[in-house]
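Let the hints inform the model, and build the full structure from the sequences given.
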Amino acid sequence: MSRPLHFSAFVMNTASHITHGLWRDPRGEQIDFNDLQLWVSLAKTLEAGGFDAIFFADVVGLYGDYDGGWAHHARLGLQIPSNDPLVILSALASHTEHLGLAFTAGPIQEPPFNFARRVATLDHASQGRIAWNIVTSALENGWRNFGHDGLLAHDDRYRWADEYVDVLYKLWEGSWEDDALLADRGSGVYADPTKIHKIHHVSERYRVEGPFLVSPSPQRTPLLFQAGSSKVGRDFAARNAEAQFIVAPDPENARTLIEDTRRLVEEHGRHRDDLKFFQGLSFVVGSTEAEVRAKEADLEEKIDIDGMISHFGGSLGVDLGQYEPDTPIDTIHTEGGQSGLAWLRESTGGRTPTLGDLVRLRARGTRVAGTPEQIADRLALWRDAGVDGINVVNAFIPSSYEEFIDHVLPVLRERGLARGEYDPGTLRHKLFGGGDRLPDRHPAARYRGAFAPSATAVAR
Amino acid sequence: MSKRLRFNAFSMNCVSHIHHGQWVRDDTRQLDYSRLPAWVELAQLLERGKFDALFLADVIGTYDSYGGSRDAAVEEGLQIPVNDPALLIPAMAYATENLGFAFTSSVLQEHPFSFARQLSTLDHLTTGRVAWNVVTSYLQNAARNLGYGSLPVHEDRYRRAQEYVSVIYKLLEGSWEDDAVRRDTENRIYADPEKIHDIEHVGEFFDVVGPHLSEPSRQRTPVLFQAGASEPGRDFAARNAEAIFIPARSFESVRVNVADVRERASRAGRDPEDVLFFIGLSFIVGGTEDEALRKQTEIDELASPRGYAAHTGGSMGVDLAEIDLDTPIGELQGYNSQGFARSLIESAPDKTWTFGDLLRQRAASRIVGTPEQIADRLQEWSDAGVDGVNVTYFTTPGSFEDFVEGVIPVLQDRGLAQREYREGTLREKLKDGTSGPRLHDSHPGGAVRRERLVGVPA
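In order, the protein sequences belong to chains A and B. Under our numbering, residues 1 to 460 are what the first sequence spells out, in order. Under our numbering, residues 1 to 458 are what the second sequence spells out, in order.
There may be inaccurate statements among the hints.
Stated by the list, open to error - Below, a sample of chain B positions facing chain A; criterion: calculated Cβ distance under 7 Å:
| no. | residue |
| --- | --- |
| 1 | Val-82 |
| 2 | Gln-109 |
| 3 | Ser-114 |
| 4 | Arg-188 |
| 5 | Tyr-190 |
| 6 | Leu-213 |
| 7 | Ile-367 |
| 8 | Glu-428 |
Unchecked claim - So the derived label-pair ranges between C-beta atoms look like this:
| no. | chain 1 | residue 1 | chain 2 | residue 2 | range |
| --- | --- | --- | --- | --- | --- |
| 9 | A | Arg-27 | B | Val-153 | 51 to 59 Å |
| 10 | A | Pro-453 | B | Asp-441 | 57 to 65 Å |
| 11 | B | Thr-434 | A | Arg-364 | 53 to 61 Å |
| 12 | B | Ala-259 | A | Gly-68 | 54 to 62 Å |
Rather than coming from a laboratory, the hints here were simulated on the basis of the structure. Beta carbons are placed, not taken as given, at the ideal position from N, Cα and C, and that holds for glycine.
This is the structure:
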């Protein structure tokens with residue numbers, strides 16, 4: 001029996017997320033991102049079409065300079081302006097039943113106590129459909145918005161993330177016992193104070209007393225996404241994440257990456273299937289090959305290539321506006337995100353990649369163009385390489401998703417590459433089938449029961 | 001024709017907010033607080049009743065003074081568990097068109113850069129119906145949850161609050177010019193970089209470069225509520241707030257309070273009429289006086305004195321389980337919510353207030369009777385200078401249903417409540433046409449906008 005893939009819609013609360021320049025087209029309703037209607041309506045469409053989740057990316061600062069500044073980003077709408085992703089999720093939860101709601105946030109944005117409460121509030125409100133994509137924020141400007149002189153070194157950002165999730169795990173998993181909530185109208189006792197505990201967390205950056213203010217939500221800890229593919233990032237994912245967002249240039253590279261990471265997962269005492277891999281792909285769908293070619297040509301014409309280059313360079317902290325197209329990319333050292341560079345090296349089969357390669361590959365490398373049957377063939381290759389799900393990148397909101405739902409998903413279902421009805425339960429249960437909570441072998445589980453009076457000596 | 005009052009429903013994303021012990025009833029939905037349907041339906045009810053706003057209180061710690069522990073609070077469901085208030089707003093906003101949404105957030109709990117972006121996001125998706133209640137936190141446990149070790153002293157909290165709102169004003173009012181966003185598909189320009197500015201804020205508590213990440217929303221800065229009654233609290237409110245909560249102790253205390261804050265606002269260079277004054281009241285409504293009294297008896301039988309004591313004592317940092325309720329407040333040391341005590345003393349200069357009085361005070365600000373009797377009393381509050389009422393519930397949505405169905409029509413007949421919503425943003429609605437969608441020019445936030453930061457464009 002073939003294993004179905006999961007599908008999430010990769011979006012951002014902004015006008016120009018990944019495929020730049022397309023808000024200018026009449027089909028690009030992402031220009032209305034300030035309007036709640038766009039997102040509620042998209043969420044309903046995705047749920048009617050059987051998508052597993054909507055996944056909101058985010059940044060908390062400007063991308064690095066292009067041509068000596070950020071004027072280009074503002075003109076293009078390149079993730080500026082952008083709005084908070086987490087805040088809109090309750091409206092989406094209110095109008096859907098099954099769709100997973102994933103958002104992106106990093107440790108520099110908010111104290112862990114407040115963040116833990118906001119996430120748990122949403123997990124209650126959505127009845128267990130929240131996922132958090134853990135990022136470490138690689139944009140210089142983002143750090144300077146939060147009072148830092150600049151970007152913290154890459155590995156130090158992950159040490160901070162470790163400290164941050166440790167506080168969160170204590171609050172989500174350890175502070176309230178499962179049977180703390182009584183809600184007993186007869187006795188008038190709402191909760192049992194002997195089963196709610198302070199966490200007394202003290203570490204380099206945080207002192208958090210507790211108790212947690214929110215009673216246990218359906219998943220307690222939200223489903224944990226992560227996207228880093230540097231060595232340190234992968235190690236973090238192997239220890240903590242339940243889903244990893246990858247952007248491999250082809251199925252073979254994905255296979256290697258996935259196998260390596262699964263090995264790491266096992267080394268950390270987890271099962272190899274405790275981490276699922278979502279590959280980012282965009283699609284051009286046509287009923288004939290001629291139609292596909294015409295649509296792809298139309299798209300190539302409308303995509304803003306400068307935008308694609310500046311986005312990539314900006315995420316590395318490198319001003320690519322200053323370089324010639326044949327500049328070898330890996331001569332440039334950066335403290336920014338390492339994932340993009342690694343991706344590029346793999347894409348050129350080890351040959352030193354140039355800026356020209358970047359332009360070409362960035363625009364086309366992860367695009368799947370074809371008839372629904374051809375797309376299904378390609379997705380079967382990804383699935384056979386070990387990929388568990390696809391993060392579907394859009395050109396146009398909502399029509400990229402409507403096309404995928406109307407034309408591609410039915411074929412995928414026929415071939416067993418997509419599931420039919422939703423499974424019941426929380427997002428975690430839908431993805432893993434093993435219940436609502438994190439498995440006992442996840443590091444967060446060690447805080448369950450750890451703060452009860454008899455156990456505090458150990459936990460501290 | 002009477003001056004109309006504004007009405008907010010006062011609630012909180014928790015089980016037991018103000019009137020403790022009532023959650024056990026079958027006819028209240030307090031136990032459903034963590035899910036969305038009860039909130040969405042409440043918002044729709046309030047909009048039918050032409051309420052101005054739903055006002056969501058918040059705390060980020062536990063009330064842990066009573067008996068030296070949080071046990072009483074936990075058992076009573078007294079604001080623990082308590083979920084985030086702002087996150088409820090989008091679901092309710094999507095189901096309504098005119099209702100405003102005010103929520104509480106402390107200057108201790110988030111970084112102003114993140115918070116400003118949340119405000120803009122909320123104001124965009126509600127099309128300008130959001131208000132922020134600025135608080136400085138009074139619970140020790142809140143400060144220890146957020147890594148401060150202990151609660152900063154009162155004056156320091158307000159100094160932090162002043163810098164916090166300054167950063168917010170710079171981001172919301174100063175970073176993007178009105179015509180920065182072009183959305184010009186022809187010339188392929190989303191926004192004009194020359195009109196988006198870094199804020200380069202460097203201060204005692206925060207360093208923030210900017211620019212703000214969201215584009216300007218309808219109101220830019222949401223309507224600003226505040227409740228401080230201490231000396232620095234009143235100064236802060238007079239400088240920044242557009243609506244202020246004051247205690248409903250007596251008509252005279254309201255007059256004194258209103259005059260004092262308007263005077264301070266004027267001294268701070270603001271239009272003194274740019275501030276609205278709200279009091280908190282609860283209502284027990286009956287078709288007849290007998291029915292109202294019968295409902296009152298039901299409520300009083302379930303009311304939890306321990307809940308009220310844990311709440312009041314917790315907010316002042318005083319263990320009321322150990323203190324004789326007859327002790328004069330002047331003889332007590334260590335309370336940290338100075339404004340509360342101060343305004344009590346001020347309102348009764350010739351009387352030695354005790355803690356017992358203080359507790360009973362919470363019950364005293366309730367009005368029991370027929371809709372006509374209630375309207376008479378509200379007329380008196382309006383005459384005393386009150387601009388609006390925060391309606392506190394005993395049961396939800398029951399208390400609000402009683403008010404919407406029984407009292408509002410009578411108030412509308414007397415001109416004491418609006419019949420229709422005014423067009424525009426929450427700010428325009430609340431200020432009855434005396435204001436545009438943005439902060440008044442004389443407001444410090446408006447001044448930031450007016451003077452326009454000269455940043456270094458890209």
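A quick look at each hint next to the structure:
With its C-beta approaching chain A no nearer than about 5 Å, Val-82(B) sits inside the 7 Å limit, and its interface hint holds. Residue-level restraint check for Gln-109(B) holds (minimum Cβ-Cβ distance to chain A is 5 Å; threshold 7 Å). A cut of 7 Å between beta carbons decides the hint on Ser-114(B): the least distance to chain A is about 5 Å, and the hint holds. Annotation: Arg-188(B) was flagged as interfacial toward chain A, and the flag holds, the nearest CB pair being 6 Å apart, inside 7 Å.
Of the supplied interface hints, the one on Tyr-190(B) holds, with its beta-carbon coming within about 3 Å of a beta-carbon of chain A, less than 7 Å. Evaluation of the Leu-213(B) hint against chain A yields a held restraint, the C-beta minimum of about 5 Å falling below 7 Å. The restraint placing Ile-367(B) at the interface with chain A is violated, with a minimum CB-CB distance near 26 Å, outside the 7 Å limit. With its C-beta approaching chain A no nearer than about 19 Å, Glu-428(B) sits outside the 7 Å limit, and its interface hint is violated.
In this structure the supplied range 51 to 59 Å holds for Arg-27(A) paired with Val-153(B), their Cβ-Cβ distance being about 57 Å. A beta carbon spacing of about 58 Å between Pro-453(A) and Asp-441(B) agrees with the range 57 to 65 Å that was offered as a hint. Here the CB-CB span from Thr-434(B) to Arg-364(A) is close to 58 Å, well matched to the stated 53 to 61 Å. Evaluation of the 54 to 62 Å hint for Ala-259(B) and Gly-68(A) yields a pass: the beta carbon distance comes to about 56 Å.
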